[in-house]
Amino acid sequence: MTDHDFELKLQAYLDGELAAPETAMMEDRLGRDQEGRLLLAELRNTCAALAGHEAEIKLPETREFFWSKIEREIGRQEQPAPAAAGVSWFTWLRRHVLPATGIAFAVCLMSIWAVHRGKISGQFAEMELASDDVGAYTYSDPQQKMTMVWFYDRNDNSQSTELSPLGNVEEE
Amino acid sequence: MTAFEELVARHRDKIYARAFSMMRNEDEAVDLSQEAWVKSWQRLKQFQGESSFGTWMTRIVINLCLDQLRRRKRQRTESIEEMNEESGGVERQMPVVTVNPTERLERGELRKRIDQALSQLSHEHRTVLVLHEFEEMEYKEIAKTMACSIGTVMSRLFYARRKMAVLLANLKSEELK
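Keeping their order, the protein sequence lines are chains A and B.
Residue numbering for the first sequence follows this note's numbering, starting at 1 and increasing by one per position.
Residue numbering for the second sequence follows this note's numbering, starting at 173 and increasing by one per position.
Derived by calculation from the structure, the hints in this document are not laboratory data.
Since the model is a prediction, treat every value here as computed from it, not as a measurement.
Incorrect hints may have been included.
[As the list claims (entries may be wrong)] Which bits of chain A does chain B cover? Going by a derived footprint, with three or more residues having C-beta under 8 angstroms, they are:
| hint | region |
| --- | --- |
| 1 | 12 to 18 |
| 2 | 33 to 39 |
| 3 | 55 to 61 |
| 4 | 95 to 109 |
[To be verified] Think about it this way: if two alpha-carbon atoms lie no more than 30 angstroms apart in a straight line, the pair counts; the simulated BS3-like pairs of lysine-lysine are:
| hint | chain 1 | residue 1 | chain 2 | residue 2 |
| --- | --- | --- | --- | --- |
| 5 | A | LYS69 | B | LYS312 |
| 6 | B | LYS211 | A | LYS58 |
| 7 | B | LYS186 | A | LYS58 |
| 8 | B | LYS217 | A | LYS58 |
| 9 | B | LYS186 | A | LYS69 |
| 10 | B | LYS211 | B | LYS344 |
| 11 | B | LYS316 | A | LYS9 |
| 12 | B | LYS245 | A | LYS58 |
| 13 | B | LYS316 | B | LYS186 |
| 14 | B | LYS316 | B | LYS217 |
| 15 | B | LYS344 | B | LYS316 |
| 16 | B | LYS211 | B | LYS245 |
| 17 | B | LYS284 | B | LYS186 |
| 18 | B | LYS211 | B | LYS316 |
| 19 | B | LYS217 | B | LYS284 |
| 20 | B | LYS344 | A | LYS58 |
| 21 | B | LYS284 | B | LYS245 |
| 22 | A | LYS69 | B | LYS245 |
| 23 | B | LYS316 | A | LYS58 |
| 24 | B | LYS245 | B | LYS316 |
| 25 | A | LYS58 | B | LYS284 |
| 26 | B | LYS245 | B | LYS312 |
| 27 | B | LYS312 | B | LYS186 |
| 28 | B | LYS186 | B | LYS344 |
| 29 | A | LYS58 | A | LYS69 |
| 30 | A | LYS9 | B | LYS312 |
| 31 | B | LYS217 | A | LYS69 |
| 32 | B | LYS186 | B | LYS245 |
| 33 | A | LYS9 | B | LYS344 |
Glycine included, every Cβ here is placed at the ideal spot set by N, Cα and C.
Make the full structure from the sequences, and use the hints.
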C-alpha cells in the first residue's frame, strides 16, 4: 500500500466508508503508526470545524423583486404556442424554402446554358464576319480546342471561289 | 402559483447560499438560483416526495452550478493549479497541522474563517468539500453528481481538507500576530 493509498483509506475510515475487515486493519495500523494518528487528528479537526458552521448567506434581493423575476421568466417560457408557431413557420420558410429555390434556379440556369452550349458544340460552328472590304470565315472545333479564322479580300476575284487561310490561327 | 411563491420565499436563502458557496460570485449565484426555481416549476410534476422539497431543490441548483463550472473550465486554459487537482500539488508535502486552529473560536468568527478559507480553494476542491460536509453526500453520490470516479472524489476531498487545515492555521497565526 502506497502512502497515498493509506491516506485515502484513513480518510474513508474517518468518514465511515471503509468496509469492516479494512476498518479492523486500519485500527491495527493506527495503534502502531504515530504519523497516521496525527493525520487522522488533523482531518477530524477540519471536519469538526466545518460541521454546522457554513456561513449564513442571504439572497441580496427582496422577496418581491426576486419572485417577480421568476414569475416573468416562467411566463416568458410558457408563451402560447401559436405565436411561437407563427415565427417558426416564417423561420422555416426562410431557412429551407428560400435556399432550395435559389439552388433550383441556379440548376435551371446551368441546364439551359449546358443545353445551349451542347447545341453549339454539337455542330462545327461557323461564324461569318463581314465588312465592306475584308471578309472573314471562322471555324471552331471544341474537341481540338481550336478556332480558325479565314480573311479574304472581297475585291479579289481570284479568291472568291476557293477560300484559303490568310491570317490567324488561334489556339484557345 | 401562490403556493409556489410561498415555497420560493421559504427556501430562497438556502438555495442562493448553496449556489454562492459553489460559485463564489454574487451575480452568478443569483442568476443560477433563479434558473433553478424556474426549472423546478417546470419539473414540479417529477417531484415524487422521496426527499424533502429543500433537498430536491438543492440538487437542482447544484447541478446547474456544476454545469456552469464545467462550461467555464472548458473555456479556460489548463493551469498548473488544475493539473494539481488530483495529485495534490503542494498539499502533498504539507506537514500535518497538529494544533486545532479553530479551538475556542466564537461561532460567528469560526463561520467567517471557514468562509474565508473556502474562498481560497479551487472550484473542484471546494465543490467536493461542500457536497460532503454541508450536503452530507457519500462518496458514491458525489461521484455521480460530479461525473467522476470515486477515487477522484476521495483524492479531491483529502487534499481539500488538508488545504483547509493549513488555511485555517494560517488565519489563526495571523490573528496571533
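Each hint tested on the structure:
Here the region 12 to 18 of chain A counts 3 residues with a CB under 8 angstroms from a CB of chain B, which clears the bar of 3, and the coverage holds. Counting residues of the region 33 to 39 of chain A whose CB lies closer than 8 angstroms to any CB of chain B gives 3, which reaches the minimum of 3, so the coverage claim holds. Check result for the region 55 to 61 of chain A against chain B: holds, 7 residues qualifying (beta carbon to beta carbon below 8 angstroms, three or more required). Figure legend: the region 95 to 109 of chain A, annotated as covered by chain B; annotation inconsistent (0 residues with Cβ-Cβ distances under 8 angstroms, at least 3 required).
For the hint linking LYS69 of chain A to LYS312 of chain B, the alpha-carbon distance of about 36 angstroms lies beyond 30 angstroms, and the restraint is violated. Among the hinted pairs, LYS211 of chain B with LYS58 of chain A is consistent with the structure: their alpha-carbon atoms are about 21 angstroms apart, no more than 30 angstroms. With a C-alpha separation of about 8 angstroms, the suggested pairing of LYS186 of chain B with LYS58 of chain A holds against the 30 angstroms cut-off. With a C-alpha separation of about 28 angstroms, the suggested pair LYS217 of chain B and LYS58 of chain A falls inside the 30 angstroms cut-off, and the hint holds.
A distance of roughly 18 angstroms separates the Cα atoms of LYS186 of chain B and LYS69 of chain A; the hinted pair therefore holds under the 30 angstroms criterion. At most 30 angstroms may separate the alpha-carbon atoms for a hinted pair to count; LYS211 of chain B and LYS344 of chain B exceed this at roughly 42 angstroms. With a CA separation close to 20 angstroms, the supplied pair LYS316 of chain B and LYS9 of chain A stays within the 30 angstroms bound. About 27 angstroms separates the Cα atoms of LYS245 of chain B and LYS58 of chain A, which keeps this hinted pair within 30 angstroms; it holds.
For the given pair, LYS316 of chain B sits about 22 angstroms from LYS186 of chain B by alpha-carbon distance, which is consistent with the 30 angstroms threshold. The suggested pairing of LYS316 of chain B with LYS217 of chain B holds, with an alpha-carbon distance near 23 angstroms, which does not exceed 30 angstroms. Taking the CA atoms of LYS344 of chain B and LYS316 of chain B, the gap is near 36 angstroms; set against the 30 angstroms cutoff, the hint is violated. Proposed proximity of LYS211 of chain B and LYS245 of chain B is supported: the alpha carbons are some 23 angstroms apart, at most 30 angstroms.
The suggested pairing of LYS284 of chain B with LYS186 of chain B holds, with an alpha-carbon distance near 17 angstroms, which does not exceed 30 angstroms. For a cut-off of 30 angstroms, the pair hint linking LYS211 of chain B to LYS316 of chain B stands: about 20 angstroms separates their Cα positions. Only pairs whose Cα atoms come within 30 angstroms are accepted, and LYS217 of chain B paired with LYS284 of chain B is rejected, the gap being roughly 39 angstroms. Proximity of LYS344 of chain B to LYS58 of chain A is assessed by CA-CA distance (about 26 angstroms); at most 30 angstroms being required, the pair is judged to hold.
About 28 angstroms separates the Cα atoms of LYS284 of chain B and LYS245 of chain B, which keeps this hinted pair within 30 angstroms; it holds. Note on LYS69 of chain A and LYS245 of chain B: the hinted pairing holds, with a Cα-Cα distance of about 28 angstroms set against a maximum of 30 angstroms. Taking the CA atoms of LYS316 of chain B and LYS58 of chain A, the gap is about 29 angstroms. The hint holds against a cut of 30 angstroms. The suggested pairing of LYS245 of chain B with LYS316 of chain B holds, with an alpha-carbon distance near 19 angstroms, which does not exceed 30 angstroms.
Annotation: proposed proximity of LYS58 of chain A to LYS284 of chain B holds, straight-line Cα distance about 14 angstroms (limit 30 angstroms). About 23 angstroms separates the Cα atoms of LYS245 of chain B and LYS312 of chain B, which keeps this hinted pair within 30 angstroms; it holds. With a CA separation close to 24 angstroms, the supplied pair LYS312 of chain B and LYS186 of chain B stays within the 30 angstroms bound. Between the alpha carbons of LYS186 of chain B and LYS344 of chain B the distance comes to roughly 29 angstroms, so the proposed pair stays at or under 30 angstroms and holds.
Between LYS58 of chain A and LYS69 of chain A the CA atoms are separated by roughly 17 angstroms; this keeps the pair inside 30 angstroms, and the hint holds. Of the pairs offered as hints, the one joining LYS9 of chain A and LYS312 of chain B holds, with about 15 angstroms between alpha carbons and a cut-off of 30 angstroms not exceeded. This hinted pair checks out: LYS217 of chain B and LYS69 of chain A have alpha carbons roughly 22 angstroms apart, not beyond 30 angstroms. Restraint check for LYS186 of chain B and LYS245 of chain B: satisfied, since their Cα atoms lie roughly 26 angstroms apart, inside the 30 angstroms limit.
This hinted pair checks out: LYS9 of chain A and LYS344 of chain B have alpha carbons roughly 29 angstroms apart, not beyond 30 angstroms.
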